[in-house]
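2 protein chains.
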Amino acid sequence: MLINVERAARMLKEYDYYLILSHANPDGDTLGCAYALCALLQKAGKFAKCLCADEIAPRMKYLTTGIQPQEFEHQTIVSVDVADRKLLGKLNEVYGDEVFLAIDHHRSRTEFAEFTYVEPDAAAACELIYEIAQVMQIPLDEQIATCLYTGLATDTGCFRFSNTTPRTHFIASKLMEYGFPYEDINYRLFDMKSKGRVRLEQEIFEKMEFYCDDKIAIVCLTNELMERHKNSVDAEDFNGLAGMPRRIEGVEIGVTIKQKEEKVFKISVRSSEEINASEICEKFDGGGHARAAGCTIEGTLEEVKAKMLPELKRAVGCGE
Amino acid sequence: MLINVERAARMLKEYDYYLILSHANPDGDTLGCAYALCALLQKAGKFAKCLCADEIAPRMKYLTTGIQPQEFEHQTIVSVDVADRKLLGKLNEVYGDEVFLAIDHHRSRTEFAEFTYVEPDAAAACELIYEIAQVMQIPLDEQIATCLYTGLATDTGCFRFSNTTPRTHFIASKLMEYGFPYEDINYRLFDMKSKGRVRLEQEIFEKMEFYCDDKIAIVCLTNELMERHKNSVDAEDFNGLAGMPRRIEGVEIGVTIKQKEEKVFKISVRSSEEINASEICEKFDGGGHARAAGCTIEGTLEEVKAKMLPELKRAVGCGE
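Protein chains in written order, with this note's numbering: chain P, 1 to 320; chain S, 1001 to 1320.
Keep in mind that the hints were calculated from the coordinates and are not lab data.
Please read all numbers here as calculations on a predicted model, not as lab measurements.
Take these hints with a grain of salt, some might be off.
As the list claims (entries may be wrong) - With a Cα cut of at most 27 Å, we get these calculated DSS-like pairs of lysine-lysine:
id	chain 1	residue 1	chain 2	residue 2
1	S	K1266	P	K230
2	P	K193	P	K61
3	P	K207	S	K1195
4	P	K215	S	K1195
5	P	K215	S	K1230
6	S	K1013	S	K1043
7	S	K1207	S	K1174
8	S	K1215	S	K1230
9	S	K1049	P	K195
Start from the sequences and build out the full structure, keeping to the hints where you can.
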């Protein structure tokens, strides 16, 4: 059942003994939500603890420091930033059908909780935790503000992506009044790269293929390449590579071809304002957004490229 | 004479025939200020035009589109984001001693205008133009909001740097209500890199020297290296390289050694929270901020490194 922020806040005041679940492969938003909500509930005199199927990356450990560890048997399960119970990872089997309240901001999602408070226009689920704190009238503090800010920054690429709203900046301005080292947070989230990641990016750039006066750039992430870098690169370091080709000046369509099986490739297409990435991917039974879309194509790498190239060239208006 | 925002706004209402000067090598803040103020004054029924000693980079041309070209002889000169008249470049000789009103946010500056409205706590001079528009009660529009947002984003590294304040985010939230393609602006300002820049960064990374378990990273920008990349890299592309070494995970002190003359090197030191970069640079008669400082050292490159290394090692607490 869908509920609004007032009802969600009222429920959180009424119940107790909370177990807060983040999605697997946790990011700054799901963790920021969990640790902020946990601290807020503890401040309100409740028992609360957080749980996630996977470990928290060292660079996000600072999110966990504001919580009092409490021993208790949980009675009320809340999920944060979880669009589908499957995304709970290995916790799905144990808790997936017991979630009382889901707090989320994903537009496409499946209902799995008894009650759901969802705001698809929110850039980050942490915006919803902020709204809940306002309604519950629990004062924030530096640590809670740190958690909520981390969620906003994570999901908006530090206020760069198109999901950022006036409300996102307004909440950021309120959070910043609590004074926390946002420069270090942003450094950890956005600037810092492992040596292994830099080497991986170097090799990807060296092998990047350009067509049509650099308007098209293609990157191939083959199993061989991933395997070779596996030992010097964390799993997390393989994220975000799909953005690389479009970053080169002049590139209007950036394509990342990622090998899934011997002859199955997952394609990610990023495009400039003028070009509809979704239309390109629909030709291959895929889809997505106008500026970022995807599809899956079968064949050898050369066959996959040969299938795509005419569509890409047509999109940038470049003669064969 | 220092004046406040009310007085600055009153003056701008009173006078007319404005020439607005940006600093040389213009960035998004000085240009954002100039084109926003020009549009605001034109909206208020005044004559106004912008001037800069240097050309506007193609990726910032979008800032200029909201202005009506007006032919007139100027009577009132306003400078924006100019901390010293020398920074006007070749315009200094012509207009440097005729500036009526300087609008600026630099902490260390020299007075050169008849009247100066300065707010050293503002992250960007564009914040001051926003305040002036509020006091003058001239409504903003999409194009003015675009200019002001560009200034905020430029000077804060898209809200990442420590100069960002609650007010910066608050103004950003107000500007975003006018709806403009901020995602594209941020892409152009922060994500996009020329092929030449990527190749330059690659070579710099390959030659980066690490000491003390990667806690220290040193980059050398020799004349030979700069010369070799000169043809494939714009002058602008040589900016921002000083941030590179500190971006590698684990690096606590990132040092960039830039050759100025055969045996003169300019050093830039960036450090983690725990380390005082300014203290290190003071040992070599330099200085700056706690996390970003600089100095100049004479000698061969090897001599310069040999002079610095003991100080760097001491700072990270690593035995010789």
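Hints versus structure:
Annotation: proposed proximity of K1266(S) to K230(P) is violated, straight-line Cα distance about 38 Å (limit 27 Å). Among the hinted pairs, K193(P) with K61(P) is consistent with the structure: their alpha-carbon atoms are about 17 Å apart, no more than 27 Å. About 13 Å separates the Cα atoms of K207(P) and K1195(S), which keeps this hinted pair within 27 Å; it holds. Restraint check for K215(P) and K1195(S): satisfied, since their Cα atoms lie roughly 12 Å apart, inside the 27 Å limit.
A distance of roughly 23 Å separates the Cα atoms of K215(P) and K1230(S); the hinted pair therefore holds under the 27 Å criterion. Of the supplied pair hints, the one linking K1013(S) and K1043(S) holds, its CA atoms being roughly 11 Å apart against a limit of 27 Å. Proposed proximity of K1207(S) and K1174(S) is contradicted: the alpha carbons are some 45 Å apart, above 27 Å. Taken as a hint, the K1215(S) and K1230(S) pair is broken in the structure, with Cα atoms around 31 Å apart against an allowance of 27 Å.
Note on K1049(S) and K195(P): the hinted pairing is violated, with a Cα-Cα distance of about 48 Å set against a maximum of 27 Å.
Figure legend: structure checked against the earlier numbered hints; hints not met, in rising order: 1, 7, 8, 9.
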